[in-house]
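Spelled out from the first residue to the last, the chains are:
Number of protein chains: 2
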Amino acid sequence: MKNFNYSIPTEIFFGEGQIKVLPEQIKKYGTKVLLVYGGGSIKKNGVYSKVVELLNSNDIKFWELSGVDPNPRITSVRKGIQLCRENNIDFILPVGGGSSIDCSKVIAAGYYYEGEPWDIVLDPSKIRNALPIGAILTLAATGSEMNAGAVITNMDTNEKLGTGNPSMKPKFSILDPTYTFTVPKNQTAAGTVDIMSHVFENYFSSTKGAYVQNRLSESILKTCIQYGKLAMEEPENYEARANLMWASSLALNGLLGYGKESRWSVHPMEHELSAYYDITHGVGLGILTPYWMEYVMNETTIDSFVEYGVNVWGINPDKDKLQIAKEAIEKTKEFFISLDIPMHLEEVGIGEEKLETMAKAATRHGSLGLFRPLDSQDVLNIFKAAL
Amino acid sequence: MKNFNYSIPTEIFFGEGQIKVLPEQIKKYGTKVLLVYGGGSIKKNGVYSKVVELLNSNDIKFWELSGVDPNPRITSVRKGIQLCRENNIDFILPVGGGSSIDCSKVIAAGYYYEGEPWDIVLDPSKIRNALPIGAILTLAATGSEMNAGAVITNMDTNEKLGTGNPSMKPKFSILDPTYTFTVPKNQTAAGTVDIMSHVFENYFSSTKGAYVQNRLSESILKTCIQYGKLAMEEPENYEARANLMWASSLALNGLLGYGKESRWSVHPMEHELSAYYDITHGVGLGILTPYWMEYVMNETTIDSFVEYGVNVWGINPDKDKLQIAKEAIEKTKEFFISLDIPMHLEEVGIGEEKLETMAKAATRHGSLGLFRPLDSQDVLNIFKAAL
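Just so you know, the sequences run in chain order A and B. Going left to right, the first sequence walks through residues 1 to 387 as this note's numbering numbers them. Going left to right, the second sequence walks through residues 1 to 387 as this note's numbering numbers them.
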């Protein structure tokens with residue numbers, strides 16, 4: 001196990017009706033709020049009107065930034081910063097999934113940064129401070145509600161990049177599983193894959209002896225497997241929505257990664273797909289993951305796949321190691337198929353044309369992963385396998 | 001899953017050599033420190049001299065409260081409060097296991113309480129504020145390093161009671177697994193049982209649908225089973241010590257309990273044993289746990305024991321439910337025996353004399369547990385079974 005510094009200060013108000021705490025929580029930090037949201041689903045499912053009612057009845061002033069895209073754009077960040085500066089806003093309230101929260105985080109940090117906000121995406125070390133953030137989560141997926149990271153897309157340069165700073169961690173997040181009852185099937189599936197992928201990025205690691213972290217990781221994976229399909233079939237199943245929602249936060253709040261060395265693989269590959277083709281992040285992850293697993297599984301890494309197969313998929317440990325590993329990957333693929341995740345890039349409109357460009361872009365800062373490092377040729381091979 | 005408010009603000013500095021952060025961390029909160037420790041083992045293993053060297057070389061003034069007992073006494077708390085008041089101490093630094101940390105917490109809260117400190121043990125609602133605490137952990141057991149609770153013993157009244165307040169959560173804790181290399185076999189065993197017992201108290205619950213919490217709980221149990229015996233046999237096995245240490249914090253920082261209804265059973269029973277006979281807490285828990293399991297396992301609760309047997313002990317799920325449950329309890333008992341935990345109260349000097357008195361005392365605030373509520377007759381039956 002590696003040394004680590006653990007800090008997860010975000011408070012979570014979890015469960016049906018927890019929105020009631022919103023006014024008192026906001027008032028701890030500010031009085032003038034920027035409400036950040038996406039395409040308007042929160043207006044259809046009643047969350048927006050509930051939030052507005054609470055803000056108004058508690059004399060909390062607010063301004064709105066709407067239309068944040070699923071892969072949130074730096075253009076939205078710029079608009080948000082401008083709104084904050086013009087109106088002396090002192091608190092940011094994203095209502096939505098990872099997109100709204102990520103966008104809010106970079107607005108919060110960009111507010112204190114004098115230059116062009118894309119700079120702090122390219123170079124997170126330029127971030128010094130951020131406005132306080134409280135999130136109302138409506139999609140179980142990215143884990144952004146409980147961590148310091150954000151991913152922002154620049155469509156001008158075809159770049160989708162991660163940034164982050166401890167000051168960007170939400171002060172609190174409200175997780176009401178009923179707010180995810182209206183999430184459509186395909187988004188529920190993509191969110192489930194996203195959660196699993198966050199776990200995989202840390203689980204498949206070259207760090208030895210991080211036993212407790214690996215068992216915790218398997219807990220989250222099992223939760224996704226137990227409830228992913230169920231939440232699609234029964235969108236108002238509270239138990240399924242609640243378990244997925246809490247799993248999404250735990251998958252990426254640091255808990256599973258602390259004590260392990262990690263450099264991600266599938267996420268940076270997928271970010272290129274999203275940056276060039278604007279596809280749903282979780283779908284891209286779902287397509288790439290099994291091919292990535294097949295590609296990186298070798299004599300050095302096989303034990304991790306055996307561990308995964310036995311502990312997560314319940315494969316008989318007496319079987320041959322290679323057989324267990326292959327079965328584990330096959331089961332992963334079958335599970336994603338059961339969620340109606342496409343298994344080929346061509347199904348989401350991605351052909352051969354830009355694979356090389358994207359493979360180079362994915363590795364522009366060096367090889368991906370530590371478990372089995374991937375250079376641009378490796379990434380290209382995985383992309384081609386996934387075509 | 002029940003609603004919950006999650007707040008785990010304690011920062012953790014985990015790993016060998018993390019003591020180096022001590023001066024800068026203390027200076028965030030205070031300048032005059034009360035160093036709290038037990039019987040002097042930290043003087044033998046070098047931790048004390050390292051701490052003193054760091055404090056001195058950073059011009060941090062400190063006073064000492066030593067001799068805190070394994071079941072920390074209210075008398076130590078009173079002494080600590082007096083030292084703080086006389087010297088305008090503004091930071092408390094326990095170096096040790098749960099005893100030193102628990103004692104420090106009640107000193108920290110008692111400092112702001114004008115009356116007799118035992119009042120705030122009897123009635124935690126009287127706690128308004130606490131001095132900041134930072135802990136250096138030298139024993140993997142109680143989880144006190146990352147939570148708000150404390151257990152204090154009053155030998156005059158034969159009472160061992162829990163108290164707590166969010167203000168008592170340590171600001172930070174330093175977890176260096178090498179500091180537990182010198183923990184003797186019997187304490188390593190008792191600590192491992194204590195960790196498992198904390199998990200059991202929340203795991204065996206009547207709350208339905210807390211799937212993710214149950215899987216996380218099993219992670220911690222598996223970690224104890226994997227490393228408990230190994231840490232006894234190879235006291236300087238870093239991997240074993242590190243996994244147990246981190247498991248101890250995660251077992252009781254809230255993570256496993258949030259979203260579940262719980263009212264503890266075995267801990268309050270054991271507290272009476274410790275209060276009357278001053279036995280090692282983890283040993284008392286180890287003796288009682290299997291008898292408690294046998295006593296509470298019935299038609300209503302059997303599924304939880306089946307889940308436990310299959311997921312933690314790898315018992316074949318195709319077996320008969322009753323057989324799985326019984327096997328799970330048997331395996332628990334065998335594991336404790338492998339740790340050299342006695343399996344009978346008489347082995348630790350507890351006879352029949354006070355069983356009835358202790359059973360009544362354990363239930364003086366009402367029945368124990370929600371999973372299978374226990375009145376004083378039930379507790380007496382379990383005590384008798386454990387004789």
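Everything labelled a hint here was simulated from the structure, so no lab data went into it. Any given hint might turn out to be false.
A pair holds if it fits inside one copy or across any two, identical chains being indistinguishable in the list.
With a straight-line cut-off of 27 Å between C-alpha atoms, the simulated DSS-like cross-links for lysine-lysine are [unchecked claim]:
1. Lys326 <-> Lys44
2. Lys27 <-> Lys171
3. Lys354 <-> Lys185
4. Lys126 <-> Lys79
5. Lys354 <-> Lys331
6. Lys319 <-> Lys331
7. Lys79 <-> Lys360
8. Lys331 <-> Lys32
9. Lys28 <-> Lys171
10. Lys44 <-> Lys185
11. Lys208 <-> Lys229
12. Lys50 <-> Lys384
>> I want to check one pair: lysine 44 and lysine 185. Are their C-alpha atoms no more than 27 Å apart within a copy, between two copies, both, or neither?
In response: Within one copy only: 17 Å inside, 61 Å across.
>> Within a copy, between copies, both or neither: which one fits lysine 28 and lysine 171 at a CA-CA cutoff of 27 Å?
In response: both (10 Å within a copy, 20 Å between copies)
> Is the C-alpha distance from lysine 126 to lysine 79 at most 27 Å within one copy, between copies, in both cases, or in neither?
Replying inline: For lysine 126 and lysine 79, the Cα distance is within 27 Å only inside one copy (20 Å; across copies 48 Å).
>> Cα distance capped at 27 Å. Does lysine 354 pair with lysine 331 within a copy, between copies, both, or neither?
In response: neither (30 Å within a copy, 57 Å between copies)
> How would you classify lysine 354 and lysine 185 at a CA-CA limit of 27 Å: within, between, both, or neither?
Replying inline: Answer is neither; intra-copy 29 Å and inter-copy 61 Å both fail.
> How do lysine 326 and lysine 44 come out at 27 Å by Cα distance, when the copy is not named: within, between, both, or neither?
Replying inline: neither (44 Å within a copy, 52 Å between copies)
> Between lysine 331 and lysine 32, at a C-alpha cutoff of 27 Å, which is it: within one copy, between copies, both, or neither?
Replying inline: Neither: 49 Å inside a chain and 58 Å across chains, both beyond 27 Å.
> Within a copy, between copies, both or neither: where do lysine 27 and lysine 171 come within 27 Å Cα-Cα?
Replying inline: both (12 Å within a copy, 23 Å between copies)
> At most 27 Å between C-alpha atoms: does lysine 319 with lysine 331 qualify within a copy, between copies, both, or neither?
Replying inline: Both. Shortest intra-copy (15 Å) and inter-copy (25 Å) distances satisfy the 27 Å Cα cut-off.
> When no copy is named, should lysine 79 and lysine 360 be tagged within, between, both, or neither for a Cα gap of at most 27 Å?
Replying inline: The answer is neither: 31 Å in one copy and 66 Å across copies each exceed 27 Å.
> How do lysine 208 and lysine 229 come out at 27 Å by Cα distance, when the copy is not named: within, between, both, or neither?
Replying inline: between (33 Å within a copy, 19 Å between copies)
> When no copy is specified for lysine 50 and lysine 384, does a C-alpha distance of 27 Å or less occur within a copy, between copies, both, or neither?
Replying inline: Neither: 47 Å inside a copy, 56 Å across copies.
Hint check: violations occur at hints 1, 3, 5, 7, 8 and 12; the rest are consistent with the structure.
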